[in-house]
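Chemist: Below are the chains, spelled out letter by letter.
There are 2 protein chains.
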Amino acid sequence: MTNAAPKLAPMLSVRRGKQAVEFYKTAFGAKELFLIESPDGNVVAQLGVGESEFWVADESPENLNFSPESMGGSTTRMVLVVENPDAAFQTAIAAGAKEILPVEDKEYGWRVGRVVDPYGHHWEIGKPL
Amino acid sequence: MTNAAPKLAPMLSVRRGKQAVEFYKTAFGAKELFLIESPDGNVVAQLGVGESEFWVADESPENLNFSPESMGGSTTRMVLVVENPDAAFQTAIAAGAKEILPVEDKEYGWRVGRVVDPYGHHWEIGKPL
Chain A
1 MTNAAPKLAP MLSVRRGKQA VEFYKTAFGA KELFLIESPD GNVVAQLGVG
51 ESEFWVADES PENLNFSPES MGGSTTRMVL VVENPDAAFQ TAIAAGAKEI
101 LPVEDKEYGW RVGRVVDPYG HHWEIGKPL
Chain B
1 MTNAAPKLAP MLSVRRGKQA VEFYKTAFGA KELFLIESPD GNVVAQLGVG
51 ESEFWVADES PENLNFSPES MGGSTTRMVL VVENPDAAFQ TAIAAGAKEI
101 LPVEDKEYGW RVGRVVDPYG HHWEIGKPL
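Line order of the protein sequences matches chains A and B.
Going by my numbering, the first residue of the first sequence is number 1, and it counts up by one from there.
Going by my numbering, the first residue of the second sequence is number 1, and it counts up by one from there.
By construction, these hints were calculated from the structure, which means they are not laboratory data.
Hints are supplied without guarantee of correctness; some may be wrong.
Copies of one chain are not kept apart here, so a pair can be met inside one copy or by any two copies together.
Said to hold, decoys possible - Below, simulated EDC-like cross-link-like pairs (lysine to aspartate or glutamate); rule was C-alpha separation at most 16 Å, straight line:
| # | residue 1 | residue 2 |
| --- | --- | --- |
| 1 | Lys98 | Glu51 |
| 2 | Lys7 | Glu83 |
| 3 | Lys7 | Glu51 |
| 4 | Lys25 | Glu51 |
| 5 | Lys127 | Glu32 |
| 6 | Lys106 | Asp86 |
| 7 | Lys18 | Glu107 |
| 8 | Lys127 | Asp40 |
| 9 | Lys98 | Glu69 |
| 10 | Lys7 | Glu69 |
| 11 | Lys31 | Glu107 |
| 12 | Lys18 | Glu37 |
Keep in mind it's a predicted model, so treat the numbers as computed, not measured.
Could you put the whole structure together from the sequences, leaning on the hints where they help?
Modeler: In structure tokens, the structure reads:
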């Protein structure tokens, strides 16, 4: 076996995890790679978006995993780089995300907008110009 | 230009961003790909770890970017997949991360441990078995 390079994927803590997985599929074209559901209906899911992966899991404050809804904000935002930020932004809004900042050319050389999803996570959708 | 696949990278909100960047280099072998520092000393940095990327930025509550120190917890944890979880875990601890869960074989088929970094972000360091 060759030495694999390290790989990083964020795991988003949410309420209503099962719904959230469906939202991320619709909003960002994510594909479900893995999903495990516990008897109480909580899920841990691994999703793929393009060449990247992320995880979604129901919060468990007893394990120090807090949803943005519990905290009243989020400590990490997702930067999603796509070929067509305007189209991807509109798809996310149509799926139920809310606009925080519209898609615009920024002085730092990106075309980017920002949404918050129904579970409280923030997404910057854009690309370097 | 061909259609590039979407790419996702988390952006961690922190206090003491400049120090945090140095910590992530030491703790996880991250490479600095980009760093911009504003006159007030705040930074936005893009870091590479293996085949993945993440961003680190000083918090700005006025822009809804909150550090775990401000929130008293974090809403996203980082899953870092490495060839040798035990060694990577020890490197992170030596750099100043604190153990939350030791590296162990889990019934769900991973060898994984968990640390919290000095800026309040949680990292699961492991690999599928």
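Chemist: Next, verify each hint and record whether it holds.
Modeler: Quick rundown of the hints versus the structure:
no.: 1; hint: Lys98 with Glu51; result: neither (25 Å within a copy, 31 Å between copies)
no.: 2; hint: Lys7 with Glu83; result: between (23 Å within a copy, 10 Å between copies)
no.: 3; hint: Lys7 with Glu51; result: both (12 Å within a copy, 6 Å between copies)
no.: 4; hint: Lys25 with Glu51; result: within (15 Å within a copy, 24 Å between copies)
no.: 5; hint: Lys127 with Glu32; result: neither (24 Å within a copy, 19 Å between copies)
no.: 6; hint: Lys106 with Asp86; result: within (14 Å within a copy, 42 Å between copies)
no.: 7; hint: Lys18 with Glu107; result: neither (38 Å within a copy, 22 Å between copies)
no.: 8; hint: Lys127 with Asp40; result: neither (40 Å within a copy, 26 Å between copies)
no.: 9; hint: Lys98 with Glu69; result: within (15 Å within a copy, 26 Å between copies)
no.: 10; hint: Lys7 with Glu69; result: neither (28 Å within a copy, 26 Å between copies)
no.: 11; hint: Lys31 with Glu107; result: neither (33 Å within a copy, 25 Å between copies)
no.: 12; hint: Lys18 with Glu37; result: within (9 Å within a copy, 40 Å between copies)
In summary, the numbered hints that this structure violates are 1, 5, 7, 8, 10 and 11.
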